[in-house]
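Guided by the hints, dock chain B onto chain A, whose structure is given.
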Amino acid sequence: MSADMLLALPVMLPLMGAAMALLLRHHARLQMWVSILTLVAILASALVMARSVLEVGILVLQIGRWTPQLGIVLVADRLTVIMLVVSSVVTLAVLVYSSAQTVSESAEKTPVAIYHPTYLVLVAGVCNAFLAGDLFNLYVGFEVLLASSYVLLTLGGSASRIRAATTYVIVSLLSSVIFLAGIAAVYAAVGTVNLAELAVRLDGLAPGTRMTLELVLLVAFAIKAAIFPLSAWLPDSYPTAPAPVTAVFAGLLTKVGIYAIIRLETLLFPASQTSTLLLVAAGLSLVVGILGAVAQTDLKRVLSFTLVSHMGFMLFGIGMSTRLSMGTTIYYVAHHITVQSTLFLAAGLIEQRGGTTNLGRLGGLAKLAPVIAVLFFIPAMNLSGIPPLSGFIGKVGLIEAGIRVDTPASWTLVAISAITSLLTLYAIAKIWNRAFWQEPEEDFVQGLAPVPRVMTGATAALVGASLLLTVFAGPLIDFADDAGRAVLERTPYVSAVLGDEAAAELVYRIGDEGEKIGDGDEEVQR
Amino acid sequence: MPVSLMLLLTAGVLIACGVYLILERTLTRIILGIVLAGNGVNLLFIVAAGRPGKPPFEGTAPAEDMTDPLPFAMVLTAIVITLGITAFGVALSYRAWQLFGHDEVPDDVEDRRVLRRSQRRSGMDEDPEDPGSQGLSEESRRGALLHSQGHRARRDPLGTDLSGAEDAPQDYTEADEREDVRRGRETEAGGR
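The listed protein sequences derive, respectively, from chains A and B. Numbering follows our numbering, in which position 384 of the first sequence is assigned residue number 384; successive positions increment by one, without gaps. Take any residue in the second sequence, note its place counting from 1, add 1000, and you have its number in our numbering.
Chain B on its own, in the form it takes in the complex:
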């Protein structure tokens, strides 16, 4: 099957750029990366359609001269799906920005527990200036929205919400342990 080199190259570049953006930490860039990679994959379908030919209308040309219409039908479906999902992703990152003042993808719960435990052990826990930075500057982390609304930025946006939000996984985190220490049940907390 002869294929167009231009299409393949374009698809390759798009997917490469997409992968690069997906490796970023902010959700907006990741969404852009997914859009790019998705478009690259859509081009692959056009490649899969083979040689371009006559429009595929019944009776206008012999069947072997026509373009294969099936991949185009699939690409259209894929485009529509990507559009809808992208809209959801952008809404998600907007909501994250509303809530946290940034749309950085967080470390998972386990990683944060491990980080906090190591901080606590080395006595770094009391340092309010170190929220376990993940690459964004403190300024952008604090977020423009919270400032504009006159809210004080929370000291540790990644830490407090572990036990702060009411429907957060009620993990036995360091926050609980500290609470226990306050109640004078240090031994029991250590035992867990």
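Excised from the complex, chain A in its bound form:
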């Protein structure tokens, strides 16, 4: 078996696991173990894949030995691999976390039997989206993960979840229709959906057509990534879902959108005219999101708004598209997946202990639940970018990249980034004051419930993983930098899929300073 065959595993394993979990629906414990083992296997295959990508470069699997132009291609470059590894760690920890919840007393409220299969299908969709080598397979990956996210969001079908899911389903359906229209337009324009071939052929299109295609796809992805004008659905739908579901949604689903935007802005439309638009959207996301977070009084809603806000950091990096900013963005995505999921898991711990996430009712948890306090404090500080944690490293990298680009837009964004970090700290401090230091009420103290050890353990493991991102920041940033360079150059991806002759036909690439370099290596435009 060659290393290429590995690429099919992250998609196939969870689907087969889902089928088995569905068959085992009457044996809750066995079903749980099947799901956990499946996710462990995915993590293992992602790690092996990472090693072989380091050794032999980009892996390509042509399903059914069709040519890449006609069939389905799975591609794993460094960007894909880093996303796969981080997401499989997070999904595994979240599943272990939720196993305590689903087996215990809440079993009557939520139908456990469908939770595990749906969760595995979600993982399959996420992995498929990361590995997809053509636009249509990316669409299928999106649809698989969205369909299962609808089910996970409405688990139990209670009033508030139905209400929250209604908005979510409509917005997601609309974005899917837009995405599909974009694919149809792309096919009509250049006659292919393979990403590598698109990269070659889109370079030759008229600028107006390129712009139209790019904007249609950008809108579809930005809805999924919850970028500001298209982000209103997120804080309304995520907080009502069960804590582990919210954790995996917040960590992964928006990052799939960001991953798609990275591919769109580098491989398909390198350094295009929309980069200013991206910077504006990034700035607005940062400001509007964090102001929303400051105004909230519910723990989960505060976290949802900070999620919207921090998507702006990643978009900031993509908008500049210099080598430094792209590498940092990839590192920041890995950091943010881990930290945001951990925070939502910690919020789930608080909810389990105190029975509520309303900051007005919580209180005194620093004394009443010291372990939870530590597990919340570390990722919270990480999110707001306190040195020496990974959030600080990522933000410093982005700000440095912004200063180096040295345009009015990038300086504005640098200022906004700094302000947003401070306001994030303010929002976190508000949570800390209310939930952990405020004098608790009598009936709140009496209503405290014990927290299953598995839930605490899974959260602690994710906190440990987020600290690893800090400890091994050096090698990780090197890896992300290589990934960023390859993404900006575009040639490695195209030559791995289509061969060197096709790669030689590429007209543009992005230089280290974010400039668009044309065929004859002369600088076309900044």
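Treat the hints with caution; some may be incorrect.
[To be verified] For the chain A half of the interface with chain B, some residues (derived, Cβ under 10 Å), not all of them:
hint: 1; residue: W33
hint: 2; residue: F136
hint: 3; residue: T167
hint: 4; residue: A189
hint: 5; residue: G208
[Unchecked claim] Just a sample of chain B residues kept apart from chain A, beta carbon distances all over 10 Å, derived:
hint: 6; residue: I1034
hint: 7; residue: A1048
hint: 8; residue: P1106
hint: 9; residue: S1122
[What the hints assert, rightly or not] Output of the computed footprint for chain B on chain A, the stretches with three or more beta carbons under 8 Å from beta carbons of chain B:
hint: 10; stretch: 158 to 166
hint: 11; stretch: 175 to 185
Because the hints were derived from the structure by calculation, they are not lab data. Every residue, glycine too, gets a C-beta built ideally from N, C-alpha and C.
Below, chain B alone, put in the same frame as chain A:
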């Protein structure tokens, strides 16, 4: 590439009707709108396939005379996906009807908080006949199902469920504030 004007026009009309329906407030109409718009987009794929030609079977005709089969494969996939998602959407609207007696898409939490605050300030809060209407008549809002089961319709279907359902976001809403007032902690509630 020559394209069929009829196909493009049909796709345009379908998508336009779909967008119109998506702008409605009831979930059923929105689902119908998505189906229409989705079908319109599927037609775009047929347009993208270019000129119709011979069936694409190996060896039956020269390759340049054949229809491009790839867009059709994609359309089939898209149709299947739309079918599944539509089924879910219809189930969702049925469940909403079971629970609330209507399948209207609600305002989001923030909007409802703002509305209630302004109502409270202008003294309209005590008026039970004004549930913050969003366009449906009170009759349809109350819902046929609740009536048929002999339940009394809740006074404020949009308001109570904010804090009523046990897993609702435990927002610091006006309902809580009123509770606090009852407990005589008005100042603290105002401070938040």
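Hint check results:
1. W33: At about 27 Å, which exceeds the 10 Å cut-off, the nearest Cβ of chain B leaves the hint on A:W33 violated.
2. F136: holds (5 Å)
3. T167: holds (7 Å)
4. A189: With Cβ-Cβ at 9 Å, under 10 Å, it holds.
5. G208: violated (17 Å)
6. I1034: violated (5 Å)
7. A1048: violated (4 Å)
8. P1106: Violated: least Cβ distance 5 Å, not greater than 10 Å.
9. S1122: holds (22 Å)
10. 158 to 166: Answer holds; 8 residues pass the 8 Å Cβ test.
11. 175 to 185: Coverage by chain B holds for the stretch 175 to 185 of chain A (7 residues, Cβ < 8 Å).
Violated hints, listed in ascending order, are 1, 5, 6, 7 and 8; each of the other numbered hints is respected by the structure.
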